Amino acid sequence: MAAPAETAVPLERIGVNRKAVATIAVVGNPNAGKSSVFNRLTGLRQHTANYPGVTVERRIGRSTFGGVSLDLIDLPGTYSLSPASTDEKIAVDVLFGRVAGTQKPDAILAVIDSTRLYQGLYLLQQLTALGRPMIVALTMIDAAEREGRKIDLKGLEDALGGVPVYPVVATSGRGFPPLNAALAKILAVPPPRETAHWPELEHAAEVLVSAWRARGTELHRVEAERLLIDASAPTLAPHIAADIAAARGKLFGAEPPLAAEARRRYAWVRSTLARVESPGSGVVTQTARLIEWINRPWPGTAALILLMFLVFQAVFAWATPLVDLIDAGFGWLGSLVAAVLPAGTWIESLIVKGIIAGVGSVIVFLPQILILFLFINLLEDTGYLARAAFLVDRAMRSVGLSGQSVIPLLSSFACAVPSIMATRVIPNRRDRIATILAAPFMTCSARLPVYALLIGAFVPAQRVGIVNLQGLVLFGLYAIGIIGGVATALLLRSSVLRGENPTFILALPEFRLPNVRTVAMKLLDRVRVFLHRAGTIIFAVAVVVWALTYFPRSPGVEQVRAAAETEARASLTGPALEQRLVDIGNEAAADHIAQSWLGRAGHWVEPAFRPLGWDWKVSAAVIAGFPAREVVVAVLGTIYAVGEEADEQTLAGRLTAAQHPDGSPVFTLPMVLGLLLFYAWCLQCAATLAVIRRETNSWRWPLFAWSYMTALGYGGALLIYQLGTA
Amino acid sequence: MSRSRRLTLADLKPGDRARIESIETADPAVQRLMVLGLVEGAEVLFLRRSLGGDPLEIRIYGAAISLRDEQARRFRVVQGVVADGRAG
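Protein sequence lines correspond, in order, to chains A and B.
When the first sequence is numbered by my numbering, its final residue is 1308 and no position is left out of the sequence of numbers.
When the second sequence is numbered by my numbering, its final residue is 139 and no position is left out of the sequence of numbers.
Each hint should be verified, as a subset may be incorrect.
Calculated Cβ distances over 12 Å to all of chain B for the following chain A residues [to be verified]: (1) Phe678; (2) Ser792; (3) Leu1105; (4) Tyr1132; (5) Thr1238; (6) Arg1275.
Rough simulated footprint, nothing fancy, chain A against chain B, three-plus residues with beta-carbon under 8 Å [said to hold, decoys possible]: (7) 62-75; (8) 108-118; (9) 123-129.
These are calculated hints, taken from the structure and not from any lab test.
Values in this document were obtained by computation on a predicted structure and should not be read as measured data.
Just so it is clear, CB atoms sit at the ideal spot from N, CA and C, and this is done for glycine as well.
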């Protein structure tokens, strides 16, 4: 007898496919472990996009909790409902349902760091007033226990008007089963009991709400409170603005409303804290001593330099075996495919020389990028990057920037595009623009393939003392990028962007062990972004460049080739004949490129680049690299792979063998160093230009950045080559 | 009780504990620090100064905050008053 239940689809399976029942906002202070909680709750079922009109990342994950499908929105971290940055403004706007295309959250999951309950309670007091179902995930409860802090959960729930509190540890997953179960029933959680925290303000807000309702404007009381407090309110209708000004005067007098609010709410926070938390014993652990030591200025600086140096050495030392493996793999794939396809046709050329070789020569650098990002993500997750900002603030100020610029600038070592977006955390406009223009100088991941190729081919892999010379040159290139950026910032801040020094306020996260899950997911994200670029832009450019090198096909070249081959067969035999035929093939291939569209372009601009020691091939590759610099490796690969014996040799080997028409090598040391400097300083990235345009809201800055950096790169390469060959 | 010189956050030494007495609130950066919890009555532990003496790092009820000398001078403090030992 078959039970009817057997044919039914399991509940959780239904939940996955069904439309989400509700939208839950994940809200919390920055560094409270919000993303770790979000990642643990949603796993890989996340969708990342930008909020409309801004570059703040919107992360939504759909997950099923006890058969209930929920959409979780990971909001940017915020300390209060008074936004002080674009990120915080988005968090507040989403909560109030003011963002187009984003569902107004039905309920709230507040993520609060149990070791920083003080700031957490401030946000919680504001959130409870929203009157929506809410639960609290109290993170890092293990750290609080280690510090000896005892939190009275019952008392805390009571102080929050009955909001349930769940202690968790996101790194280990401790406390998540009860949290999951609570999420399943979150819509049934009664909204927090109303507590009169500030009767005067609440009353003034109620008055405004009913006055506006009469005029057809519907507002939540908390939204009205925000309008009363925040000076940076959106543009308001005149009658509303008048109402607010009148109410504000009565409530705050001459005092800044934000200061009045902080005083008022923190008084409650302190009294609540005194009731629900017994403070730590102040035990100084070994870890704390190490942290204390590393935070001291001089040991800290030494540690920072040592750490950066180790990272760059590791990038070269660890990546090499993987690079060799990928390199061999693509070579094998190319020859395998070539054997199947009709020889000498354009299809064979497209697939082997365009697609496989082009993509392969970019993917081959993935190991370096992975290792570098692993270090950057680890440093960020342990809280070290914020410490670095604190350490270098004074130094940054001497070039007119602040410690806050360090995080965007450090992340532009990965890619200038997100880092220019990250400058939104800098409140001062001049400081922000100076940072934006300094960012493209930092050695981004796209420069690494070019650096790695040229360094690998032309810098001997020898040791200078205990130091790998190749690693040393790479370190020098990073330094040159930093010098270029710093000099640019200094120049701008003392000329067109002159103004007072920006302020520096930063909440410093505690050092903690990195969360493997968070680091891994970020790493995955970076790799995905890089491969996405490699897979779309680079692939497209590789094919276009292949076409530019392949077409037009000249019958003349083939006639010359046929004649030469006939002559060779008549006069030579055996190995000598075979060698001659290979040479003829190479010459024909070279003739083909020389008359191709790219070759013509390279020849056309060659006079401009000749003082830098470049031949037309390098010039052509550099031209093709202006939309996206990482493409240059694929272009060089395509140009130099056209020689028939190419399959057996690496691109690096081919570059070493490249000669000027007079037989002298193209890639001499001064030329290579100049080319490296050109890549260090030149702005060859259409995406960066587009982002600068978007973030500065004008074409002036991207045009300036492009011309300035191109001139600087050209001048630097010219200087090095001329001095080196003089 | 003798009248002491006006003491601010910027005058503290590493390891000093103090309570915020009054604040000059005109600077928006100061207001921002108040949102982070630097309000009258709050107890702070002065941790350290950075390379070159600025910015400085303080701890307030478990949260580490860094601020510049310029803003720290707006916070008038009374040193050594620790009612409940919470600042650490």
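Comparing the hints with the structure gives:
1. Phe678: holds, 19 Å
2. Ser792: holds, 29 Å
3. Leu1105: holds, 27 Å
4. Tyr1132: holds, 56 Å
5. Thr1238: holds, 44 Å
6. Arg1275: holds, 29 Å
7. 62-75: That given contact is violated, which follows from only 1 residues of the segment 62-75 of chain B lying within Cβ reach (below 8 Å) of chain A.
8. 108-118: Per the Cβ count (9), the hint holds.
9. 123-129: Check failed, 0 qualifying residues.
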